[in-house]
Amino acid sequence: MVSSPESDRVHFSAVGRSNPDMEGAFTVAYLSADRVRLVNAGAPPDVEFRGTLAAEEARSIRRMDPIRLAAELDRNPDWVVAEEEGGRLDVRWPGSYALASVQLEDGRVRAVSTVADLPLRGRVPVVWSWTWPPDAPDGVLELMVDGRPMFRATGARRVLPPAEAERLGHPSGGQPPREVPGRAWPAVVDMRTETIQPGVHVVRGVRTGFHHLVVETGAGLVVADAPSGWVEIHRLPPADLVPGLGISGLSERFLDYLSGQWPGVPIRAVVLTHAHDDHAGGARAFSAAGAEIYAAAEVAGFLETALNRSEMPVDRLSGVGQDVRVIGVEGTVVLSDADLPVELISMGVNPHVDAALGVHVPSAGIFFQSDLLVPRDTASTPRPDRLETDCWFASWATRSLPPGTVVHNSHGTVSPTIGNLAGYLDHDGCRGRTG
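Residue numbers (my numbering): 93 to 527.
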């Protein structure tokens, strides 16, 4: 991270493994109070969002630097709610729903303790700690979430020469960045329904890059996945990616949209494709709406415990007075219907998760899955950056689904056929990788 004492500009880079099959790196440059750039040095151009409201987001990332954090607290004494013995300050940052306890020692920040509302965990403790003094060459920064290490880094502080600092603001490859309206940063809710077969739809834009299958049956709607907000842990204090939507808020808004599209039609079931926060974290909202909750049998118990944690903040389920019940799926479970029966198919262990479900509408020739296949085109070749999951899914799908099936997914708009996927298996990258 590079920051300046004269402005709120921040240049932040990170690399990490978010899932077993995915390791990613990203760089975000907060160039001004209303301009954010996604740096794409490996494949220019960059993407620049103009007209954003990202100043507070930039400041929350700057706080990873204990020098910047101490200086900010010194400039804003009104943020301090209470001061206690031993150098501890109780602080409320603008827009935060929780107090933070800041431990100072000789005017230096040593630790910050606060909480975050996380899907499938509820309200949990978050602790940042720095073990180096600001003037030492090396040290350790550690982030603990719910008592477990989430992030650990060693580093050294240095002052960048002016020329090097200036280069951080230059666009990658010298190419002008692709400009995007600021309202699209960091994620937006822009729901719209796309009908792909009579009675079978995909609701796109539940939030940026999230799409959900919706099937009309005689007993009500069957929906694939219960989306949740995304909490950015690398910010201090942690904050929702889509402000205000929290744990259940995004699915509550999704359900309101569905009720407007299909007035008076109940939600029959929600199918949780896998047990990751962004796909299962909003299931409490569906339970409050009376839907049955389905998940792979291997994770049903975990999800039921997680969704009923007492630390959950208030949501629509809080006022219903019932617990979430999760129905485990082994093999194939059929949700019967005269016109559009829906098959829930257990896909087993795969490179992404230990258990997953797919949603099959055989009479429409449609299969929906999440995260195992996110193609960019309908070419019969896997993505080089997703070989492990692409090849595994192509092998599974060609063995398990009818030849004419079209595959839809939760994060993209390209829908290949089983014929396209069969071509993956002849690709050199798939040899030895299939399940």
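Errors might be hidden in some of the hints.
Okay, the calculated beta carbon distance ranges per label pair [as the list claims (entries may be wrong)]:
| # | residue 1 | residue 2 | range |
| --- | --- | --- | --- |
| 1 | Pro495 | Asp431 | 36 to 46 angstroms |
| 2 | Ile288 | Val232 | 49 to 59 angstroms |
| 3 | Gly266 | Trp354 | 46 to 56 angstroms |
| 4 | Gly411 | Pro217 | 22 to 32 angstroms |
| 5 | Glu197 | Ala257 | 23 to 33 angstroms |
| 6 | Ala174 | Arg284 | 46 to 56 angstroms |
| 7 | Trp354 | Gly247 | 50 to 60 angstroms |
| 8 | Asp518 | Leu260 | 37 to 47 angstroms |
| 9 | Thr470 | Gly411 | 55 to 65 angstroms |
| 10 | Glu197 | Val406 | 29 to 39 angstroms |
| 11 | Asp166 | Thr287 | 56 to 66 angstroms |
| 12 | Asp166 | Thr397 | 22 to 32 angstroms |
Keep in mind that the hints were calculated from the coordinates and are not lab data.
All residues carry an ideal CB built from backbone N, CA and C; glycine is no exception.
Checklist entry - That 22 to 32 angstroms hint for Asp166 and Thr397 (C-beta), does it hold up? => result 44 angstroms, violated
Next on the checklist: Taking 37 to 47 angstroms as the stated bounds, is the beta-carbon spacing between Asp518 and Leu260 within them?
Outcome noted: Distance hint for Asp518, Leu260 holds at roughly 44 angstroms.
Checklist entry - Is 55 to 65 angstroms a correct range for the gap between the Cβ atoms of Thr470 and Gly411? => result 46 angstroms, violated
Checklist entry - Quick one: are Gly266 and Trp354 within 46 to 56 angstroms, going by C-beta? => result Cβ of Gly266 to Cβ of Trp354: about 51 angstroms, so the range 46 to 56 angstroms holds.
Next on the checklist: Taking the Cβ atom of Glu197 and the Cβ atom of Val406, is their distance within the range 29 to 39 angstroms?
Outcome noted: Holds - the Cβ-Cβ distance for Glu197 and Val406, about 37 angstroms, lies within 29 to 39 angstroms.
Checklist entry - Between Pro495 and Asp431, does the beta-carbon spacing fit 36 to 46 angstroms? => result 23 angstroms, violated
Item to check | Range agreement (Cβ of Pro217 with Cβ of Gly411, hint 22 to 32 angstroms) | outcome: 26 angstroms, holds
Checklist entry - Between Trp354 and Gly247, does the beta-carbon spacing fit 50 to 60 angstroms? => result 53 angstroms, holds
Item to check | Distance restraint evaluation - Ile288, Val232, Cβ atoms, bounds 49 to 59 angstroms | outcome: Cβ of Ile288 to Cβ of Val232: about 51 angstroms, so the range 49 to 59 angstroms holds.
Item to check | Verdict for Glu197, Ala257 (Cβ pair) under range 23 to 33 angstroms | outcome: 30 angstroms, holds
Checklist entry - Per the hint of 46 to 56 angstroms, is the separation of the Cβ atoms of Ala174 and Arg284 within bounds? => result About 47 angstroms separates the Cβ atoms of Ala174 and Arg284, which means 46 to 56 angstroms holds.
Checklist entry - Do the Cβ positions of Asp166 and Thr287 conform to the proposed distance bound of 56 to 66 angstroms? => result Once the Cβ atoms are compared, 58 angstroms apart, the range 56 to 66 angstroms for Thr287 and Asp166 holds.
Consistency note: the structure conflicts with the earlier hints numbered 1, 9 and 12.
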